[in-house]
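Participant: Assemble chain W onto chain X, guided by the hints.
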Amino acid sequence: MKYQDEYRDPVAAQNLLRAIHNTISQPWTIMEVCGGQTHSIVRYGIDQLLPPEIELVHGPGCPVCVTPLELIDKAVDIASRPDVTFCSFGDMLRVPGSRSDLLAVKANGGDVRIIYSPLDCLKIAARNPARTVVFFAVGFETTAPANAMALWQAKRRGLDNFAVLVSHVLVPPAMTAVLQSPNNRVQGFLGAGHVCSVMGCQEYRDLARQFHVPIVVTGFEPLDLLEGIYRCVRMLENHEIGVENQYARAVPTIGNPASQKLLQEVFEVTDRMWRGIGTIPRSGYRLSAMYADFDAEQRFSLARIDTSESSQCISGAILQGGKKPYDCPIFGTACTPASPQGATMVSSEGACAAYYNYRRRLSPSNAELSNRQVQQT
Amino acid sequence: MIATPMDFDELSCPLPNTLADHIQLGHGSGGKLTNDLIKQLFLPAFDNNLLSALEDQATIQLNRWTESKSSSPFDAARLAFTTDSFVVRPLFFPGGDIGQLAVHGTVNDLAVGGAEPKFLSAAFILEEGLPLTDLARIVISMKTACEAAGVQMVTGDTKVVDRGKGDGVFITTSGIGIVPAGRSLSIRHVQPGDCILVSGTVGDHGMSIMSVREGLEFTTVLKSDNASLNSLTRAMLAACPGIHWMRDPTRGGVAAVLNELVSAVNLGVKIEETALPVRPEVRAACEMLGMDPLYVANEGKLIAVVPPDQTDRLLNTMREHPLGANAAILGEVTTDHPGIVVMKSVIGGERIVTMPAGEQLPRIC
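Protein chains in written order, with this note's numbering: chain X, 33 to 409; chain W, 494 to 858.
Isolated chain X, as found in the complex (with noise of 0.2 Å):
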């Protein structure tokens, strides 16, 4: 298939692991930031086939991941209400609130709907207009021009029974937090393909310049994967930094200029809180002025909501390079996809779901067996 076959082909992927064997010549932490990667990463067996000396650790790309659990009450809650319609896509709908989820408000007799594009939603608020259709926005800076698209159109249209519970973070903060992290570990990044399509590779320069990291945009597919980690074991090994462009194909330098252009019209950076790392300075948007009334937040009053914490679960830590799915106690026992204790099981892309789904009882990687060995010695 086209743009598809040739990024799977197994002679080019030998030839990349070989470059990559050949190059390297000591350890390095590299972090994959979207957890589309982690999902391709573990789904091709790509960090098995690695020279031990890589350590592939997982970022805080996975927006379902991320997203705070009072959010997702307030979703639940917002979603009960009988005169409303709740769409979201459908990896938001499993994900364990408080006390509910949206699957379960849908199986209790709740509108909740799963879409696949926020202009559906357009499309469900113009032919219920006596429904208050509401519309989860969550997602990093891929998803949001597509939501700001939905409230432009909400608002040219009238369509006063739109709103949207808005939930959307910014990459490069969350790059930022992991390195100024007393923790941190990650010494080269593979950034968000997609991400970029959007927004360019500006910031990722001064992020990359800042705090002396080499940076290789990248995409999805296992041979943009292996080009990724090849392009930036290269540039660690020769001490550089700087941002490489491996995903050119769907990346240009300055972005898409007309979704920015669109977000900054139907958006503010704000503070965001992250869920497991905390509140991190301008990584979110939250709605401009222009578009307050489409707020969800404001529109319904929602209670104080109480969140619970669990002591076991370290989606955090996972989030942040900090520990591996394996490093959980839980992992893979009383935490599976049935019963997720955090969203990094529960979410498709979360890492601790792709190392459930796609490698529990499998062998660690080698990259893993010998930072195991290393931390025995």
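The hints are simulated quantities; they were obtained by calculation from the structure and are not laboratory data. Idealized CB from N, CA, C, for every residue including glycine. Some hints could be false.
Some, not all, of what chain X presents toward chain W, calculated at C-beta under 7 Å [as the list claims (entries may be wrong)]:
(1) Gly-77
(2) Leu-81
(3) Pro-83
(4) Lys-187
(5) Pro-254
Facilitator: Only chain W this time, still in chain X's reference frame:
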């Protein structure tokens, strides 16, 4: 207040809510939730050996209830009995409709047990307001499917529910077939070293339904693969009577069938991603929605497990049949990693293939 990011050791995340006091969509997905429902509720309630075999059909040894003096369970023909319900939406989709599915699904549940399907029953639950022309289309479709499969619809039932209480039409079909003397297919016959064959491209039905689902419509040439497999299984069993086990990978797809296998016999399964036949358009649609063809439903495919020395003969026989033209050897049964299905990826890494937890849900990005 703005906090700095926390130290790793202080991090935690919330306890889940695993509310199970209401039926959710995932309980019908053919995956783990369905399995739990069967094992925790239905099996204990109806406890008997025929049900607990958990095959697609119950195979009933008639001489236990007759005066036959036979000592062997397999030297007389046996009765195969199965039932299945169909709740597909939309009722008409590329390549078929709910009526065809209702016939094919029940015929296939009998056929993969080695039975010759003979008689069907159909129960229709109709929603008030359903256009009669739609029902007529569905019934004609069932008639045609019955004729093609060589089965007779011999009894049935009709009920109507209030508008809004159904989805147009729900159909439940039950079927009876005959397993010839000397034939026995069972998951318990599966041995290490056995080869696993698939009869053709996977995911065609599930993705063709997705392509016409409200809110998701995408243009594709893809059609459902729904078909009665009894002529294929007849040819397969004639050529290779030693087939150990067969199953049609409907809800939950190939992944669910292979996981049922490894959990029933405490063996492992190893398959090759490159061997899995998937149409490019199915692969493209799956990529778009963040789904995996291994988990997508089929309605005209089967998985067969066969001793290695009969594999080539079986593969050739399958490929000579129109419904098995794209048959392939998917992998083998192993003693390594019992209870786990492992897939070697296109680039040589390995991953496990788990039982689907519930419905596959499209990803955010």
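Participant: Using 7 Å as the Cβ threshold, decide whether Gly-77 of chain X counts as touching chain W.
Facilitator: holds, 2 Å
Participant: Taking the closest Cβ pair, is Leu-81 of chain X under 7 Å from chain W?
Facilitator: holds, 5 Å
Participant: Given Lys-187 of chain X as an interface hint, is its Cβ closer than 7 Å to any Cβ of chain W?
Facilitator: violated, 22 Å
Participant: Is the shortest C-beta separation between Pro-254 of chain X and chain W less than 7 Å?
Facilitator: holds, 5 Å
Participant: Hint check: is the beta carbon of Pro-83 of chain X less than 7 Å from a beta carbon of chain W?
Facilitator: It is violated, given that the least Cβ distance between Pro-83 of chain X and chain W is near 14 Å, above 7 Å.
Of the numbered hints stated above, those contradicted by the structure are hints 3, 4, listed in ascending order.
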